[in-house]
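A.B. asks: Below, each chain spelled out in residue letters.
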Amino acid sequence: MNLTKFKKDYLRNWQLYLLLIIPIAFCIIFSYIPMLGIQIAFKKFDIVEGIWGSPWVGMANFQRFFSAPNFWQLIRNTILIALYGLIAGFPVPILLALVLNSFPKERYKKVVQTVSYMPHFISTVVIVGILMQMFNPRTGALGNLYNLITGTYMQDLFAKPNAFPHLYVWSGIWQSMGWNSIIYLAALSGVDPELHEAAEVDGASRVQRVWHIDLPTILPTATILLIMSAGSIMSIGFEKVYLMQNSLNISRSEVISTYVYKVGLTIGSGDFSFATAIGLFNSIINLIILVIVNQTTKKLSETSLF
Amino acid sequence: MSSSSIKIKYCTADKVYYTISGILLTLVLIAVAYPIIFVVSASFSSGSAVSSGKVLLWPVGFNLDGYKAIFRKDDIWLSYLNTIKYTLVGTLFNLFVCMCGAYPLSRRELKGRGPLMFLFAFTMYFGGGMIPTYLLINQLRLINTFWVMVLPGALSVYNMIVMRTFIQSNIPNELYEASSMDGCSHITFLVRIVLPLSKAVIAVVALFSAVGHWNTYFNAMLYLNDRTRMPLQIILREILIMNQIDVTSISDPELAVMLANTADVLKYSLIVVATVPILCIYPFAQKYFAKGVMIGSIKG
Numbered sequence: 001m002n003l004t005k006f007k008k009d010y011l012r013n014w015q016l017y018l019l020l021i022i023p024i025a026f027c028i029i030f031s032y033i034p035m036l037g038i039q040i041a042f043k044k045f046d047i048v049e050g051i052w053g054s055p056w057v058g059m060a061n062f063q064r065f066f067s068a069p070n071f072w073q074l075i076r077n078t079i080l081i082a083l084y085g086l087i088a089g090f091p092v093p094i095l096l097a098l099v100l101n102s103f104p105k106e107r108y109k110k111v112v113q114t115v116s117y118m119p120h121f122i123s124t125v126v127i128v129g130i131l132m133q134m135f136n137p138r139t140g141a142l143g144n145l146y147n148l149i150t151g152t153y154m155q156d157l158f159a160k161p162n163a164f165p166h167l168y169v170w171s172g173i174w175q176s177m178g179w180n181s182i183i184y185l186a187a188l189s190g191v192d193p194e195l196h197e198a199a200e201v202d203g204a205s206r207v208q209r210v211w212h213i214d215l216p217t218i219l220p221t222a223t224i225l226l227i228m229s230a231g232s233i234m235s236i237g238f239e240k241v242y243l244m245q246n247s248l249n250i251s252r253s254e255v256i257s258t259y260v261y262k263v264g265l266t267i268g269s270g271d272f273s274f275a276t277a278i279g280l281f282n283s284i285i286n287l288i289i290l291v292i293v294n295q296t297t298k299k300l301s302e303t304s305l306f
Numbered sequence: 001m002s003s004s005s006i007k008i009k010y011c012t013a014d015k016v017y018y019t020i021s022g023i024l025l026t027l028v029l030i031a032v033a034y035p036i037i038f039v040v041s042a043s044f045s046s047g048s049a050v051s052s053g054k055v056l057l058w059p060v061g062f063n064l065d066g067y068k069a070i071f072r073k074d075d076i077w078l079s080y081l082n083t084i085k086y087t088l089v090g091t092l093f094n095l096f097v098c099m100c101g102a103y104p105l106s107r108r109e110l111k112g113r114g115p116l117m118f119l120f121a122f123t124m125y126f127g128g129g130m131i132p133t134y135l136l137i138n139q140l141r142l143i144n145t146f147w148v149m150v151l152p153g154a155l156s157v158y159n160m161i162v163m164r165t166f167i168q169s170n171i172p173n174e175l176y177e178a179s180s181m182d183g184c185s186h187i188t189f190l191v192r193i194v195l196p197l198s199k200a201v202i203a204v205v206a207l208f209s210a211v212g213h214w215n216t217y218f219n220a221m222l223y224l225n226d227r228t229r230m231p232l233q234i235i236l237r238e239i240l241i242m243n244q245i246d247v248t249s250i251s252d253p254e255l256a257v258m259l260a261n262t263a264d265v266l267k268y269s270l271i272v273v274a275t276v277p278i279l280c281i282y283p284f285a286q287k288y289f290a291k292g293v294m295i296g297s298i299k300g
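Residue numbers (the working numbering), protein chains in the order written: chain A, 1 to 306; chain B, 1 to 300.
Since the hints were derived computationally from the structure, they do not count as laboratory data. Being a predicted model, the structure only gives us computed values, none of them experimental. Certain hints may be false.
[Stated by the list, open to error] With a straight-line Cα cutoff of 35 Å, these simulated DSBU-like cross-link-like pairs (lysine-lysine) come out:
no.: 1; chain 1: A; residue 1: K110; chain 2: B; residue 2: K15
no.: 2; chain 1: A; residue 1: K298; chain 2: B; residue 2: K287
no.: 3; chain 1: A; residue 1: K105; chain 2: B; residue 2: K15
no.: 4; chain 1: A; residue 1: K240; chain 2: B; residue 2: K199
no.: 5; chain 1: B; residue 1: K54; chain 2: A; residue 2: K160
no.: 6; chain 1: A; residue 1: K8; chain 2: A; residue 2: K44
no.: 7; chain 1: B; residue 1: K85; chain 2: B; residue 2: K287
no.: 8; chain 1: A; residue 1: K109; chain 2: A; residue 2: K240
Next comes chain A alone, as it looks inside the complex (with noise of 0.2 Å):
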């Protein structure tokens, strides 16, 4: 009985186990794959022999990192930076999007919401290539500011290791401030006005209407978005640190996963294991923290991720 239900919603619905295939295929074969291959954290990888066939070491790797010389100053360029980031950049979007819903001229609102979204657009390489350019001491727009206020020549930012931080969080908010106030705007668009209404007629000010209707709305998705993040906290962009990088902010710029790529992939050094090994401790940590602040949440505001 039970079986000739299922065979008919077989017959009915194969097609729908068909499509699934594909994306099925390409998820184990690029993401469940990959992940088999973490072993070689735990092993002594050889290209002959494969990663099923090398030796096992145990935690060696594991080890070998935490007593590396630089193990401190990787753990803290990483959390300095993400925290930063966080920090600093979390607030601007929520920000920007109620004083955008606020503000009672739609055509200038326009204006600067289409402008402020275009650098979301614009690659990594040329955000860093713009960043270079413009803080240039002699050639560049602000360096040229700079020596036009005050007379004399802006130092060289990127050669600066403690201006890393700063150049590197204020430019990811140059970025994505515009783009990342979107969806609190959408969350405000569903404000009903007749609660602005009924507030209006109590005699309450746009500013203590902004405070007690606009930011409790956006408050669940601010909450599901600060989750988000700070699960990949320890995750920061290894594309535009990397580009940003040269031999005079190297000990302050050289994260986790920068350092994973230089250990494992370039040329010289190879070494599989140990740079797998590093990449899976920054992943777990990265695990642990979202569980974390997802439990935390749950419990303070009942907003969760899962």
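Starting from the structure of chain A, add chain B where the hints point.
C.D. replies: Positioned in the frame of chain A, the structure of chain B alone reads:
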């Protein structure tokens, strides 16, 4: 009397608020627009004006030397062509794979929807990492092929969920029931009904993946070493960031002199040439942004 004074007080409070927000928005506008305007202006300026720092807002000594220099560098054009190919094929592939997953996952008849969603969503938070992926690509003999730029990223779980959520909430179940009464199969329903009704979300996903393909350099850096296959971003990185404009390799002496004079202008022109195509799609897709971002945020 007292009520009117309260009213006036609130009006001034609002006025202050609007003035401050107006100033804030103007600052945002300047902060975002100024670097963009500067880059465009510098690309049309003379080499000497740029290198002596005379360009502040508008072009100084208007000319097209930077663009002329780019036109004569073959490796830039080759990489440009490569990027166009990768973007076109890659985006089509993305859309195809995405649709193949999104439609079935939106149907209630599908058994095991929950576990399947977990199988996909898990990969958004955990992965094998750089080295195991590299070893796999190497084993699949994809290194230095056209397809290495298309296949590994063919499935974007995020885009698939965006599309699935759109289909689920915009295409009523009755539509499928009615069609299946008339003998319509799932694939026919997908092609004839779902696709035409999902134009908005297809536009969003196509935009997201086209931008991704156009802007990526990391995969190319890892998996390609043949110069003739390099995408634009790799060449951009060499010129903009590593400062490698190889003057000695240019046999045309006139061009070599021109390049030496216009190194900075060339950089700015290159930024413009590399970014304009992607910004051209932008006005067409802009009306879908809010929708696309919003659908993606719905968890499920």
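A.B. asks: The structure should be examined with respect to each hint, and the outcome stated for every one.
C.D. replies: Okay, the hints, checked on the actual structure:
Of the supplied pair hints, the one linking K110(A) and K15(B) holds, its CA atoms being roughly 21 Å apart against a limit of 35 Å. Pair hint K298(A) plus K287(B) holds up; C-alpha atoms about 34 Å apart against a cutoff of 35 Å. With a CA separation close to 13 Å, the supplied pair K105(A) and K15(B) stays within the 35 Å bound. Under the criterion of a C-alpha separation no larger than 35 Å, the hint pairing K240(A) with K199(B) is consistent with the structure, at around 33 Å.
Annotation: proposed proximity of K54(B) to K160(A) holds, straight-line Cα distance about 26 Å (limit 35 Å). The suggested pairing of K8(A) with K44(A) is violated, with an alpha-carbon distance near 52 Å, which exceeds 35 Å. Only pairs whose Cα atoms come within 35 Å are accepted, and K85(B) paired with K287(B) is accepted, the gap being roughly 26 Å. Of the pairs offered as hints, the one joining K109(A) and K240(A) holds, with about 30 Å between alpha carbons and a cut-off of 35 Å not exceeded.
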